[in-house]
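Novice: Residue numbers (the working numbering), protein chains in the order written: chain A, 1 to 344; chain B, 1 to 358.
Incorrect hints may have been included.
Only pairs whose alpha carbons sit at most 27 Å apart, straight line, appear in this in silico DSSO-like list of lysine-lysine [what the hints assert, rightly or not]:
1. K218(A) with K140(A)
2. K66(A) with K143(A)
3. K132(A) with K149(A)
4. K47(B) with K254(A)
5. K320(A) with K143(A)
6. K218(A) with K47(B)
7. K129(A) with K254(A)
8. K132(A) with K66(A)
9. K157(A) with K47(B)
The set of hints was computed from the structure by calculation and includes no laboratory data.
Keep in mind the model is a prediction, meaning the values are calculated, not measured.
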Amino acid sequence: MTKKSLFLIFILYNFIPASNYLSGQENLTPNVSESTPYPSIAGMGFSLFPGLFFHGSGHYLTGEKKTGKNIFWIGNISLLSLLGSSVIYGASGAASILSPVMIPLIFFSASTYLISWVADFSGTAGLSKILKEDNPYTYKTLKLSYTQKNDHQTPYKNFYGISGQLSHGNHYLTLNFEQEFLNRYQKYNLIYGYLIWKTPYTDLYLVPDFSYERSYEKFSISRGLGKFYFILNLQWIGESLKNIYIENILGYGKYWYHFNTVNYFNDFNQTSLFISQGIRVSIKNFINVGTSIARTNSDLIGSSGFFILYYRAYTELIYKKIVTSLEYKAGKGSSFSISTGIKI
Amino acid sequence: MKKLIYLSILFLTNCLATPEGPSPYMDSTGEMEYQQVFIKVSYGTLKENNNLLVSNIQTPNVQIYLHSLNANPVDLNFLFNNMRGNYIPTLQPARGIISQSGNPKSYYYFIQINPGEEVTINLISFNATSAYNFGVVGDIQSNNTIGELIAASASMHNLDFFIITGDYVSQATETEYQWAFLLSENNFSMPVYTIMGNHDASIGGGNGYYLFRQYFGRTNYAFSHNEDLFLFLDSSQQNISESVYGFAQLSLSQNLRNKFIFMHIPPFDQDGTRANGFSSDFQAARFINMVKNNNGDIIFSGHIHTYQNFIVSNIRTIVIGTGGGLPMRFDGVGFQYLITHVDSSGNASIEIIPIAPN
Numbered sequence: 001m002t003k004k005s006l007f008l009i010f011i012l013y014n015f016i017p018a019s020n021y022l023s024g025q026e027n028l029t030p031n032v033s034e035s036t037p038y039p040s041i042a043g044m045g046f047s048l049f050p051g052l053f054f055h056g057s058g059h060y061l062t063g064e065k066k067t068g069k070n071i072f073w074i075g076n077i078s079l080l081s082l083l084g085s086s087v088i089y090g091a092s093g094a095a096s097i098l099s100p101v102m103i104p105l106i107f108f109s110a111s112t113y114l115i116s117w118v119a120d121f122s123g124t125a126g127l128s129k130i131l132k133e134d135n136p137y138t139y140k141t142l143k144l145s146y147t148q149k150n151d152h153q154t155p156y157k158n159f160y161g162i163s164g165q166l167s168h169g170n171h172y173l174t175l176n177f178e179q180e181f182l183n184r185y186q187k188y189n190l191i192y193g194y195l196i197w198k199t200p201y202t203d204l205y206l207v208p209d210f211s212y213e214r215s216y217e218k219f220s221i222s223r224g225l226g227k228f229y230f231i232l233n234l235q236w237i238g239e240s241l242k243n244i245y246i247e248n249i250l251g252y253g254k255y256w257y258h259f260n261t262v263n264y265f266n267d268f269n270q271t272s273l274f275i276s277q278g279i280r281v282s283i284k285n286f287i288n289v290g291t292s293i294a295r296t297n298s299d300l301i302g303s304s305g306f307f308i309l310y311y312r313a314y315t316e317l318i319y320k321k322i323v324t325s326l327e328y329k330a331g332k333g334s335s336f337s338i339s340t341g342i343k344i
Numbered sequence: 001m002k003k004l005i006y007l008s009i010l011f012l013t014n015c016l017a018t019p020e021g022p023s024p025y026m027d028s029t030g031e032m033e034y035q036q037v038f039i040k041v042s043y044g045t046l047k048e049n050n051n052l053l054v055s056n057i058q059t060p061n062v063q064i065y066l067h068s069l070n071a072n073p074v075d076l077n078f079l080f081n082n083m084r085g086n087y088i089p090t091l092q093p094a095r096g097i098i099s100q101s102g103n104p105k106s107y108y109y110f111i112q113i114n115p116g117e118e119v120t121i122n123l124i125s126f127n128a129t130s131a132y133n134f135g136v137v138g139d140i141q142s143n144n145t146i147g148e149l150i151a152a153s154a155s156m157h158n159l160d161f162f163i164i165t166g167d168y169v170s171q172a173t174e175t176e177y178q179w180a181f182l183l184s185e186n187n188f189s190m191p192v193y194t195i196m197g198n199h200d201a202s203i204g205g206g207n208g209y210y211l212f213r214q215y216f217g218r219t220n221y222a223f224s225h226n227e228d229l230f231l232f233l234d235s236s237q238q239n240i241s242e243s244v245y246g247f248a249q250l251s252l253s254q255n256l257r258n259k260f261i262f263m264h265i266p267p268f269d270q271d272g273t274r275a276n277g278f279s280s281d282f283q284a285a286r287f288i289n290m291v292k293n294n295n296g297d298i299i300f301s302g303h304i305h306t307y308q309n310f311i312v313s314n315i316r317t318i319v320i321g322t323g324g325g326l327p328m329r330f331d332g333v334g335f336q337y338l339i340t341h342v343d344s345s346g347n348a349s350i351e352i353i354p355i356a357p358n
C-alpha cells in the first residue's frame, strides 16, 4: 500500500460522514424529530453487553435499528482500520516515512472505535434530551486561571494565567498566557481559527496555532502548527445522539528550540504532529462538559507511552455572565486547572 | 505473513505499554549484611550463594566497603564477575588475596576482617590506556542470534568495554535476564555495562526493575575512564526524573575531558513527527540545555530501532537501537553496533560495524 493511498483512506475516513450527508440533503437546517425512546435501562444494559463487543447493540436491540447499524459500522470500520494500520506500522518498525500518516490513522481509528461505544451508551441513556446546540468557538470570554502540575521530572509546579477569546462571524482568536509562580517559566499562545466549511452537522476550522515558551534556565521553544478542527454533531448518526459533538484535531507544523546561542533559529528544529479526538456536550443553560485524548509531546508535563498520549477532561459552569472552568490532564504526569472569568 | 502480523502486534503492544515504576529514581544496590559485617560494593550487585559473595561489577573501578560488628574475625569470599579478561585486578590498599576463576572475566577475592574493623578497598578492574575504544549498541531485545554476532564481533576488536544502551531483554522475565547475563559474561570478552530500557523495566507489568538491579546493578551511575566521564542515566520512562537530573548535573559539572552520556530513550527523536524521545519536549530541551551548560559531548541512546546521528545545539545525539529488536524498515540500516575510538588527545570518532541487513 502506498503512502498516497493510505493518506487518501485517512482523508475519506474523516470526511465520509459529511459528504454522505451533503449528497442526501442540501438543506442546511435539518428538520428532525425530537422523539426517541430513551433513556432506556434495557438499552444501556445492551450497550454494555453485548454492546462492548458489538457496538450499537444498545440502539439496535431497543428498536433504533438504523442508528444501531450506523454505530455498528462506524465501530467495525474503525476497528478494521486500527488493525490494518497497526499491522502495517508495527511491521515497518515504526518507520519514519510512514509516521505522518500512520500515526494519525491509528490514533483516529482507536479513538473512533472507543467513541462508537460511548455514543451507543450515551444515546440509550437519553443524554441528548438534556443537551443544547453549542459552539464554544463563538464565545467571547476573559478568564484568569490557576494550574497545578505534578510530574516527577519538572521543578515547575504552580502557574497562574490569563486567557481571552474573541469571535466574529467565521473567525475566532484566542490568546493565552501562563506563568510559573516564581517567574521561572512563561508561555504565550496565540490561536486563530477560521471556519472554512460548514454543513448542518459538521464544522471545519483551519487553525494556525503559535506558541512561545521560555525558561529562566535560558532556553526557549517556539512552535507553529497548522491545525484542522473537524467537528461532527453525532445527530448525523441518529436522533438519539443529537448535540453530542466529536472534535477531531489534526495539526502539522514545526518546533524550534533555542539554547541561548547566536544561532537562534538554527540550534535545533523538528517537524511535529498534533492529534486529538474528544467528545463535548453542552447541558441546557449552564454547563459544558468535554473529554478528549491528545497525542503530543508539547506539554510541560509528559505524555504517556509510545504514542505520547494524554487524557483531558473539563467542565465549564456558566451562570449569567460568570464562567468557571475546571480542567484535568493526565499523561506521564497530571495537571489540574481552575479558571474563572466573564462570558460576553 | 503470520510471523509479520505476530511481530507487528508484539511490537505495538510492547511499545504502548511503557510502564510507570520506581526506576527513574536514584537507587542503592550492592549492599548487604553478612555474618554481622556490613558490605557495600559501590557499583555492582551483591548476593550470597553458599557462603560466596557474588558480585557483578558495573564500572572499571569499584570500592568495597566493609564494617564488621562481629565479635570474631570473619572470612569473606567474593566472586567478582564482569571484569576485564586477561588483566589482573589491583587492590588499593593491597589487602586480601585475589585469584582468577575458570571464566577469564571472573575473579575470586578473599579477605579476613577483624572485630570492629572498617575497611575500604579500591578494586581496579583494568587501567585506562592513553587511547582506548568502547562499543555501543541498544535494543538487543533477547535476540540471541544477533546478540551473539555482536558479542563475537566486539570480542575481535579488543575493546576496553561494551555498553548496552537499554532493552537488553524483551519481556523482562527472569529467564531473559539470565540469558542476558550469560551473554555478557560468556560471549563478550570485555566488561559489559548496561542501562535500563523500557523493555528491561517490564513490558506489561512484572518485576523487571528489580531483576535489572539483581543482575546488572544500579540504574543511574557514573565513572571516569582515562579522564573521560561515562554517565549512565535511566530514561526508560521517557524522561529524567528531578533526582536523577540532579545527579546528572553534579556528575557533568566535574572537570573532565570528554563527557559521554548513555541513556535508553534519547531526549529527541530526529523524526519529530514520530517523537519517540522524551514525553515532554520542554523537558528534553531542559536536559539538553543542562548538558550543554556543563560541556557535555555525546549522548548515546537506543530505543529507536535505527541509526541516527544529529546535533542539538552542539550536543551530538547518537541513536543506535540496532542490536536485534524488530528493525525499522525503509531506512537501509539493518543490525549494527558502533565503536567509539578515543585517541590519546581525547578526540573521539565513531565507527559503524554492520552485523546483518534487516
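Novice: Against the structure shown, which of the earlier numbered hints fail to hold, in ascending order?
Specialist: Result: hints 1, 2, 3, 4, 6, 7, 9 break, sorted rising.
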